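Visitor: Protein chains in written order, with my numbering: chain A, 514 to 627; chain B, 18 to 130.
One thing to keep in mind: the hints can contain errors.
One side only, chain A facing chain B, incomplete, derived with CB under 10 Å [as the list claims (entries may be wrong)]:
#	residue
1	T515
2	S520
3	P521
4	Q561
5	E566
6	P574
7	P575
8	S578
9	N584
10	S599
11	G610
12	N613
13	P615
14	S625
15	L627
Distance windows between CB atoms, simulated [what the hints assert, rightly or not]:
#	chain 1	residue 1	chain 2	residue 2	range
16	A	K526	B	D70	42 to 50 Å
17	B	V71	A	L524	38 to 46 Å
18	A	L596	B	E43	49 to 57 Å
19	A	P574	B	Q98	22 to 30 Å
20	A	F582	B	F56	39 to 47 Å
21	B	V71	A	G516	26 to 34 Å
22	A	K526	B	Q26	29 to 37 Å
23	A	K526	B	R68	17 to 25 Å
Looking from chain B toward chain A, a few residues come up when the C-beta cut is under 10 Å (computed) [what the hints assert, rightly or not]:
#	residue
24	E43
25	K59
26	G60
27	A62
28	A66
29	R68
30	V71
31	F83
32	A87
33	T104
34	F106
35	Q114
36	F120
37	E125
38	S127
39	V128
If you're looking for bench data, these hints aren't it; they were derived computationally from the structure.
Since we're looking at a predicted model, the values are computed, not measured.
Glycine included, each C-beta is placed from N, C-alpha and C at the ideal position.
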Amino acid sequence: ETGVTQSPTHLIKTRGQQVTLRCSSQSGHNTVSWYQQALGQGPQFIFQYYREEENGRGNFPPRFSGLQFPNYSSELNVNALELDDSALYLCASSLEGGHNQPQHFGDGTRLSIL
Amino acid sequence: QQQVKQSPQSLIVQKGGISIINCAYENTAFDYFPWYQQFPGKGPALLIAIRPDVSEKKEGRFTISFNKSAKQFSLHIMDSQPGDSATYFCAAPDYNQGGKLIFGQGTELSVKP
Chain A
514 ETGVTQSPTH
524 LIKTRGQQVT
534 LRCSSQSGHN
544 TVSWYQQALG
554 QGPQFIFQYY
564 REEENGRGNF
574 PPRFSGLQFP
584 NYSSELNVNA
594 LELDDSALYL
604 CASSLEGGHN
614 QPQHFGDGTR
624 LSIL
Chain B
18 QQQVKQSPQS
28 LIVQKGGISI
38 INCAYENTAF
48 DYFPWYQQFP
58 GKGPALLIAI
68 RPDVSEKKEG
78 RFTISFNKSA
88 KQFSLHIMDS
98 QPGDSATYFC
108 AAPDYNQGGK
118 LIFGQGTELS
128 VKP
């Protein structure tokens, strides 16, 4: 059974640029949730994709957007990068919208904004 | 904004001792409360989880105790080992979106040999 994989592992961007992060869900999982984890903090929910539709969103601006593909992999896109976007971006996969279900995390993408 | 309050922020325990981490949550319509363990440079790994139809769940050296009326739950690590040194996060489901987890601030555990 393949776990959750994320790419790239590290990324350095400058303010104003755009970035795309990728996530492959665990085999059999149809739900992907994205979280942002600032240094020394717990993960913060960005949004969730279930069956290729956005299925819930946290307190993040519209410049954070995403996609889910038919194979349930997912992308997180961030436009107009700001210094405060520097963080570890995690994706977690689960079954059926994640309600009362285990969510399994990848090792994240470390994004640094200069 | 819904919150999960976790304490203590950091914890130092001697090898063989008991580590206890506490969490308090706000109202939720969902029933799944996980604990995650995170090592530096890694993502959070699911450690143990509980559904509130039981007051306690044990898996090896790890036990969750759950008090639904007080909206509190805790993680006990028995016979703590240096390999348990990591950051631990509790989480609770959002009131309206069960698939959205609200995480505590984390507890940095250090187990001294």
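Visitor: Each hint needs a verdict: does it hold in this structure or not?
Guide: Tested hints:
1. T515: violated, 15 Å
2. S520: violated, 13 Å
3. P521: violated, 14 Å
4. Q561: With a minimum Cβ separation of about 5 Å from chain B (threshold 10 Å), the hint on A:Q561 holds.
5. E566: Status violated, d = 13 Å.
6. P574: violated, 16 Å
7. P575: violated, 18 Å
8. S578: violated, 17 Å
9. N584: Since the shortest Cβ distance to chain B is 20 Å, the answer is violated.
10. S599: Result: violated, 16 Å to nearest chain B Cβ.
11. G610: Holds: closest Cβ of chain B sits about 5 Å from A:G610, inside 10 Å.
12. N613: holds, 4 Å
13. P615: Result: holds, 6 Å to nearest chain B Cβ.
14. S625: violated, 14 Å
15. L627: Interface hint status for A:L627: violated (21 Å vs cutoff 10 Å).
16. A:K526 <-> B:D70: 42 to 50 Å: Given range 42 to 50 Å: holds, Cβ gap about 46 Å.
17. B:V71 <-> A:L524: 38 to 46 Å: Roughly 42 Å apart at Cβ, these two residues keep to the hinted range, so it holds.
18. A:L596 <-> B:E43: 49 to 57 Å: Violated, at about 31 Å.
19. A:P574 <-> B:Q98: 22 to 30 Å: violated, 43 Å
20. A:F582 <-> B:F56: 39 to 47 Å: violated, 30 Å
21. B:V71 <-> A:G516: 26 to 34 Å: At 28 Å between Cβs, range holds.
22. A:K526 <-> B:Q26: 29 to 37 Å: holds, 31 Å
23. A:K526 <-> B:R68: 17 to 25 Å: Because 41 Å falls outside the window, the suggested range is violated.
24. E43: This interface hint is violated because 15 Å lies over the 10 Å limit.
25. K59: holds, 5 Å
26. G60: It holds, given that the least Cβ distance between B:G60 and chain A is near 4 Å, below 10 Å.
27. A62: With a minimum Cβ separation of about 7 Å from chain A (threshold 10 Å), the hint on B:A62 holds.
28. A66: Check passed: Cβ of B:A66 comes within 6 Å of chain A, closer than 10 Å.
29. R68: B:R68 check passes; min Cβ-Cβ to chain A is 7 Å, inside 10 Å.
30. V71: violated, 14 Å
31. F83: violated, 14 Å
32. A87: violated, 21 Å
33. T104: Nearest chain A Cβ about 9 Å off; hint holds.
34. F106: holds, 5 Å
35. Q114: Interface hint status for B:Q114: holds (4 Å vs cutoff 10 Å).
36. F120: The hint holds - B:F120 has a Cβ within 10 Å of chain A, the shortest such distance being about 3 Å.
37. E125: It holds, given that the least Cβ distance between B:E125 and chain A is near 9 Å, below 10 Å.
38. S127: violated, 15 Å
39. V128: Violated: closest Cβ of chain A sits about 20 Å from B:V128, beyond 10 Å.
Hints 1, 2, 3, 5, 6, 7, 8, 9, 10, 14, 15, 18, 19, 20, 23, 24, 30, 31, 32, 38, 39 from the list above are not met by this structure, while the remaining hints are.
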